[in-house]
Amino acid sequence: MTVIEARGLRKSFGATIALDGIDLRIEEGRILGLIGPNGAGKSTALNAILGLIPYQGELRVLGRNPWSERDQLMRDVCFIADVAVLPRWIKVSQALDYVAGIHPRFDRAKAEAFLAKTTIRRTSKVRELSKGMVAQLHLAVVMAIDARLLVLDEPTLGLDILYRKQFYDSLLNDYFDRSRTIIVTTHQVEEIQNVLTDVMFIDRGRIVFGCSMEEFESRYLEVMVNPERLPAARQLKPIHERQVIGRSILLFDRVDRSQLTALGDVRTPSIADLFVAMLESKPPHQPAAPQGATV
Amino acid sequence: MSTASSPFSDSFNSQKGAPAAMSSSRPFYWSVQREFWEYRSLYVAPLAAASLFLFGFMISLIHLPARMRAAGVDPMQREFLGESENMAALLIMATTLIVALFYSLDALYGERRDRSILFWKSLPVSDLTTVLSKASIPIFILPLLTFAVTIALWILMVLLANAVLLATGMSVATAPPHSSFFQMSLGLLYHLMVVHGLFYAPFYGWLLLVSAWARRAAFLWAILPPFAIGIVEKIAFNTSYFASMLGYRFGGGAEDSNSKATGLAVLLMPHFTSDQLLFNPSLWTGLAVTTIFLAVAVRVRRNREPI
Chain A
1 MTVIEARGLR
11 KSFGATIALD
21 GIDLRIEEGR
31 ILGLIGPNGA
41 GKSTALNAIL
51 GLIPYQGELR
61 VLGRNPWSER
71 DQLMRDVCFI
81 ADVAVLPRWI
91 KVSQALDYVA
101 GIHPRFDRAK
111 AEAFLAKTTI
121 RRTSKVRELS
131 KGMVAQLHLA
141 VVMAIDARLL
151 VLDEPTLGLD
161 ILYRKQFYDS
171 LLNDYFDRSR
181 TIIVTTHQVE
191 EIQNVLTDVM
201 FIDRGRIVFG
211 CSMEEFESRY
221 LEVMVNPERL
231 PAARQLKPIH
241 ERQVIGRSIL
251 LFDRVDRSQL
261 TALGDVRTPS
271 IADLFVAMLE
281 SKPPHQPAAP
291 QGATV
Chain B
1001 MSTASSPFSD
1011 SFNSQKGAPA
1021 AMSSSRPFYW
1031 SVQREFWEYR
1041 SLYVAPLAAA
1051 SLFLFGFMIS
1061 LIHLPARMRA
1071 AGVDPMQREF
1081 LGESENMAAL
1091 LIMATTLIVA
1101 LFYSLDALYG
1111 ERRDRSILFW
1121 KSLPVSDLTT
1131 VLSKASIPIF
1141 ILPLLTFAVT
1151 IALWILMVLL
1161 ANAVLLATGM
1171 SVATAPPHSS
1181 FFQMSLGLLY
1191 HLMVVHGLFY
1201 APFYGWLLLV
1211 SAWARRAAFL
1221 WAILPPFAIG
1231 IVEKIAFNTS
1241 YFASMLGYRF
1251 GGGAEDSNSK
1261 ATGLAVLLMP
1271 HFTSDQLLFN
1281 PSLWTGLAVT
1291 TIFLAVAVRV
1301 RRNREPI
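Residue numbers (our numbering), protein chains in the order written: chain A, 1 to 295; chain B, 1001 to 1307.
I should point out that these hints are in silico values taken from the structure, not numbers from a laboratory. Idealized CB from N, CA, C, for every residue including glycine. It is possible that some hints are incorrect.
Stated by the list, open to error - Here are the simulated distance ranges between beta carbons:
1. B/S1282 - A/G39: 48 to 58 Å
2. B/I1307 - A/D160: 53 to 63 Å
3. A/R122 - B/F1140: 29 to 39 Å
4. B/L1287 - A/D169: 49 to 59 Å
5. B/A1295 - A/S93: 31 to 41 Å
6. B/F1140 - A/E112: 47 to 57 Å
7. B/A1295 - A/E280: 47 to 57 Å
8. A/D174 - B/M1087: 55 to 65 Å
9. A/E112 - B/A1148: 30 to 40 Å
10. B/A1295 - A/S130: 39 to 49 Å
11. B/I1307 - A/E112: 27 to 37 Å
12. B/S1051 - A/E58: 56 to 66 Å
13. B/A1148 - A/D169: 48 to 58 Å
To be verified - Covered stretches of chain B (chain A as the covering partner; in silico rule of three or more C-beta atoms under 8 Å from a C-beta of chain A):
14. 1033-1044
15. 1104-1118
16. 1124-1138
Unchecked claim - Here are a few chain B residues that face chain A, going by a calculated C-beta distance under 8 Å:
17. R1026
18. K1121
19. A1214
20. A1218
21. F1219
Build out the structure end to end from the sequences listed, making use of the hints.
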């Protein structure tokens, strides 16, 4: 079942083009990482998917038009973002009362059970909680909602590593199942690499790359090449080369592992490395090769 | 699902998986409830005004028996609504009016300023429900709240006055409150609902629209455009219809009577019934204008992002 389908999705703010014709298709049960530099259009794409901004082009989320049907859509979609802050004046108990009051798919007992594992008191106001606790509260509310799509836009920004780890652990262990779909953007790519099932790169309003993590792991290999094998390695047409402490690390696409092991230490690259490689190897303003992506 | 605090939870358990059955009044109810959590001044201010008045009234009671004797009035004959009861009503009314105006100007501005608007929008509550729930506060709920607080204060005042008279051995109206009490209560309720609620609705609608629209200085945006219209009209046509229209509306539609009855005078003079106001076309054009303001506010909120 397709959760999100976009064709020719465009959005501009004045003269700035934030989304430049995006085609994408996201199936149910995936955890998609949307990776891109600042200003690439990640948040704009997510805001369009959530019905928070108008856009041009075709976009269906769970079969609905997000702009005209935002309130119905939000019964099945949850959103945690660094920018979508909980109001500072609300008490924890009030937040639970309110969401229980308006959300038909909210299970209060679940939220209470999650909060019981934290040090958050029901009588506290959000302004009295630390940033990490606010994130926990928001996560408790969202995890208690039986939603089909969860959108996370820099959900762990400004949290320390302990909270970040807990955040993704809870999400995977207590929330995710194959009937849900999660889209996440973050700059801490390494932390979520093993969480994702799919990855998509976005740059200058376009999707420049997209594949599943299985494909990623089978296609891309990184080799720390011994200096004397460097010319031989370069013969195999690495897509990127970088120097780390006097040694060369070459990134290969679709090159047989057995060929590479002779050259040096072989390992799966990190998403961040591939991302940097792809952006550096592409001269600016050149249309990206894969126009669309299906995951 | 165990929403212990919700009276509707049982009916929801049976309907899990059928969220479409959720009644549309529930998000509205909780949206209104939310406003009272956020803007506690909505009920704190009238209660504070009432307490303040009661404090002053209790001090004044010291002289009550002496005054009664001097005037030679039989307390039985004492009109229920003396000076102080009117003052009490006016004080609370003025307080809630100010609260209502400031609330309306902040209602759709505050959620963008503190960036919580994206959180609210991530929940299944439409912009229409949100704006209507915020508009219902000054138009319906504050008038009712003002009424409740005023009546409670009146009853306390009567009881206290009677207690003082009783303690000093004077006879007291032991019967339940005078018939004038009910008459005045009804008059007050009518005045609050029709004038403070419906007749002032365009003011609240305008302020809500500005609060949804302004990126900064919402107060100036609320004040300056009407002011500018008045100025331009004065310069261009040497007339002041717009200004007098605003004055008429703020005066509670009372300029056509011979007396200079304002919204406040309506209450002071039980005989001046504002019955006519309900059939006054300006009330209905005002409500039509309010509808337009609110409809625009809904559209604006849909497009707006945090400031």
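Against the structure, the hints come out as follows:
Our hint of 48 to 58 Å for B/S1282 and A/G39 holds, since their Cβ atoms are close to 52 Å apart. Against the hinted window of 53 to 63 Å, the Cβ-Cβ separation of B/I1307 and A/D160 comes to about 29 Å, which falls outside the hint. Separated by about 31 Å at the C-beta atoms, A/R122 and B/F1140 satisfy the suggested range of 29 to 39 Å. A hinted range of 49 to 59 Å holds for the C-beta pair B/L1287 and A/D169, which are about 55 Å apart.
Between B/A1295 and A/S93, the C-beta spacing of about 35 Å keeps the proposed range 31 to 41 Å intact. Hint check: B/F1140 to A/E112, Cβ distance near 34 Å, so the stated range 47 to 57 Å is violated. Distance hint for B/A1295 and A/E280: a CB-CB separation of about 51 Å, consistent with the stated range 47 to 57 Å. Between A/D174 and B/M1087 the beta carbons are some 60 Å apart, a value that agrees with the proposed interval 55 to 65 Å.
Our hint of 30 to 40 Å for A/E112 and B/A1148 holds, since their Cβ atoms are close to 34 Å apart. Judged by the Cβ atoms, the range 39 to 49 Å given for B/A1295 and A/S130 holds: they are separated by roughly 41 Å. Taking 27 to 37 Å as the suggested C-beta distance range, the pair B/I1307 and A/E112 conforms, at roughly 34 Å. In this structure the supplied range 56 to 66 Å holds for B/S1051 paired with A/E58, their Cβ-Cβ distance being about 60 Å.
A beta carbon spacing of about 50 Å between B/A1148 and A/D169 agrees with the range 48 to 58 Å that was offered as a hint. Residue count for the region 1033-1044 of chain B with a Cβ under 8 Å from a Cβ of chain A: 4. That meets the three needed, and the coverage hint holds. Interface restraint, the region 1104-1118 of chain B with chain A: holds (5 residues with C-beta to C-beta distance below 8 Å; minimum three). Coverage of a stretch by a chain is defined here by at least three residues with a beta carbon nearer than 8 Å to that chain's beta carbons; for the region 1124-1138 of chain B and chain A the count is 5, and the condition holds.
Checking B/R1026 against chain A: minimum C-beta separation of about 6 Å stays under 8 Å; hint holds. Here the hint on B/K1121 is kept, as its CB sits about 6 Å from the closest CB of chain A, short of 8 Å. About 19 Å separates the beta-carbon of B/A1214 from the nearest beta-carbon of chain A, more than 8 Å, and the hint is not met. The interface hint given for B/A1218 is violated, since its Cβ lies 18 Å from the closest Cβ of chain A, which is over the 8 Å cut-off.
For B/F1219, the shortest C-beta to C-beta distance to chain A is roughly 21 Å, which exceeds 8 Å, and the interface hint is violated.
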